[in-house]
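Colleague: In case you want the letters, here they are:
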Amino acid sequence: MSLPRQPVCPQHRDRLVAVAGGEARDRAIDAHVAECTGCRAFLARAQRHVFALAELARASAPRDLDGRVVAATQAGFRQDRAVRALSILTPETMPRDAELVIWQQSAGASGPSAPSALDRLVDSSLRGRGADVGERLSSRLERHRAPAELDLRVSGAYERGRRDRVRAERRLLVVGAAALLMALLVASSLFFVDERTVTAADGTLASGRAGVAPTPTIVIERVASPADLDPLLSGTFAGLVGGATDAVRVTGGKL
Amino acid sequence: MKLDPDRELVEACQATSPTGLEGAFRRLYDQYKDRVYNVCYRITGNAADALDASQETFGIMFRKIHEFRFESKFSSWVYRIAVNASIDHKRRTSTRSLRSLEVGRDDSATDSGRLEIRDERVELPAAAASRHELEVEIQAAIDRLSPKMRAITVLRYVENLSYEEIADALQVSIGTVKSRLSRAHEALDRELTPVLDRHYLR
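Sequences listed follow chains E and C, in order. The first sequence begins at 1 in our numbering and counts up one residue at a time. The second sequence begins at 1001 in our numbering and counts up one residue at a time.
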């Protein structure tokens, strides 16, 4: 455990630092240090700091620096030259059609329409002095605040977009339901195709499931009574017509 | 005021408006590049930032040299630019770890990360390793000082500038230099004394 440090006399601190760094010789301080433990310890520590810092190795500039400074100075030279070139421009030498060029650039890819551009050019020429054009150019290049109307437009566009999305989702739901219904109808109709009713193109009977009929055709048979139907077909049909066939069967064909 | 030793070269730069790193400006650059880099290195604490700050220093020096009016010593002016560039750079990259000094030293594969130390003395490997370790710790202690304390410590004890030269470079009074140095020693007492105790007492 280290002992608590003796406090240094505040009025001597700066001079102790100067002595530690070799900035000054100070007999009065020497005499004080001989008697004051706190100041003596502070001076010793300060001298150690000075010694340690002075012993730090000197870093020399890496070779990279030359290239980077060459680049920096050349960039600086170009910048200076540009500034000098601009500074010799008096208001009178400002080209009058400069406004048109900048305005066209700021108007985006489409640019202004020809008559309005011509109007502006004529207008600036009539007003004459380059200083005036310069003022208006600089004010045009200022940053603009978004108008309040923009909020309305953006929120309106967002609302329209949301409504369109809901509509599209509903449309998709209806189309999906229709497709599902169609699929169910097709699937159920397959049950009506009895193996016996599938014939080959040459008129001979063939198995619709096992055989590979070139062009199967569906033959619709009239039956006098639901009882004559194939049991599987009869059941499916009964399900579709809500049990009416069973009623026919019970009443002996008389409804 | 004594005649500035750089006056002739500076006036030559002002008379010819240099177009790049050539002529009188090149001579000034050669004269100051190590001093500037060293100050930047000790204030920023790592090689990459020191290189950026040095580049910025010479860029500013190039652009502003024609405005220099010999109201202070040219060297003080250069130190002022270097200190400000380093502190600004350090502030911008303050999120970077203090360990970057180690990285900068270990990254010997690239020139930009390499630290060349001029030291003609021959040391035994163990002593060199110990010395390197101590330097890293001293640099870390410097890094923990506030920017003002760091600048004044580096100018006084690393660059060995006098109180007057420091006052000239930092544009403060000699009284301010004294009090800042005094406070710097208080801070070093906290940051550096334990490092030195640990190193020399083990």
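Everything labelled a hint here was simulated from the structure, so no lab data went into it. Careful, some of the hints might be misleading.
Okay, the calculated beta carbon distance ranges per label pair [said to hold, decoys possible]: (1) 162(E) with 1091(C): 42 to 50 Å; (2) 1173(C) with 27(E): 38 to 46 Å; (3) 9(E) with 1198(C): 24 to 32 Å; (4) 1190(C) with 9(E): 17 to 25 Å; (5) 5(E) with 1091(C): 28 to 36 Å; (6) 1022(C) with 5(E): 53 to 61 Å; (7) 27(E) with 1091(C): 13 to 21 Å.
Example chain C residues on the side facing chain E (calculated, C-beta under 8 Å, incomplete) [unchecked claim]: (8) 1021; (9) 1031; (10) 1033; (11) 1051; (12) 1058; (13) 1133; (14) 1156; (15) 1165; (16) 1172; (17) 1176; (18) 1179; (19) 1182; (20) 1185; (21) 1187.
Just so you know, even glycine gets a beta-carbon here, dropped at the ideal spot from N, CA and C.
Colleague: None of the hints should be skipped; say for each whether it holds.
Modeller: Here's how the hints hold up against the structure:
1. Between residue 162(E) and residue 1091(C) the C-beta distance comes to about 46 Å, which sits within the given range of 42 to 50 Å.
2. Between residue 1173(C) and residue 27(E) the beta carbons are some 25 Å apart, a value that contradicts the proposed interval 38 to 46 Å.
3. The hint said 24 to 32 Å for the Cβ distance between residue 9(E) and residue 1198(C), and at roughly 28 Å that hint holds.
4. A beta carbon spacing of about 19 Å between residue 1190(C) and residue 9(E) agrees with the range 17 to 25 Å that was offered as a hint.
5. Hint check: residue 5(E) to residue 1091(C), Cβ distance near 33 Å, so the stated range 28 to 36 Å holds.
6. The hint said 53 to 61 Å for the Cβ distance between residue 1022(C) and residue 5(E), and at roughly 56 Å that hint holds.
7. Between residue 27(E) and residue 1091(C) the Cβ separation comes to about 43 Å, which falls outside the hinted range of 13 to 21 Å.
8. Interface hint status for residue 1021(C): upheld, as the beta-carbon distance to the closest one in chain E is roughly 5 Å, under 8 Å.
9. The interface hint given for residue 1031(C) is broken, as the beta carbon of that residue sits about 11 Å from the closest beta carbon of chain E, more than 8 Å.
10. The interface hint given for residue 1033(C) is met, as the beta carbon of that residue sits about 4 Å from the closest beta carbon of chain E, less than 8 Å.
11. With its C-beta approaching chain E no nearer than about 6 Å, residue 1051(C) sits inside the 8 Å limit, and its interface hint holds.
12. The closest approach between the C-beta of residue 1058(C) and any C-beta of chain E is roughly 4 Å, which is under the 8 Å cut-off, so the hint is satisfied.
13. A hinted interface residue such as residue 1133(C) counts as satisfied when its beta carbon comes closer than 8 Å to some beta carbon of chain E; here the least separation is about 13 Å, so the hint is violated.
14. About 6 Å separates the beta-carbon of residue 1156(C) from the nearest beta-carbon of chain E, less than 8 Å, and the hint is met.
15. Interface restraint check for residue 1165(C): the shortest CB-CB distance to chain E comes to about 11 Å, outside 8 Å, so the restraint is violated.
16. A hinted interface residue such as residue 1172(C) counts as satisfied when its beta carbon comes closer than 8 Å to some beta carbon of chain E; here the least separation is about 14 Å, so the hint is violated.
17. Taking 8 Å as the C-beta contact cut-off toward chain E, the hint placing residue 1176(C) at the interface is violated, the least distance being around 11 Å.
18. Hint status for residue 1179(C) relative to chain E: holds, with the closest Cβ pair at about 6 Å, below 8 Å.
19. With its C-beta approaching chain E no nearer than about 5 Å, residue 1182(C) sits inside the 8 Å limit, and its interface hint holds.
20. The beta carbon of residue 1185(C) is positioned within 8 Å of a beta carbon in chain E (closest approach about 5 Å), and the interface hint is therefore held.
21. Hint on residue 1187(C) is violated. Least Cβ distance to chain E is approximately 10 Å, over the 8 Å limit.
When held up to the earlier numbered hints, the structure conflicts with 2, 7, 9, 13, 15, 16, 17 and 21 and fits the remainder.
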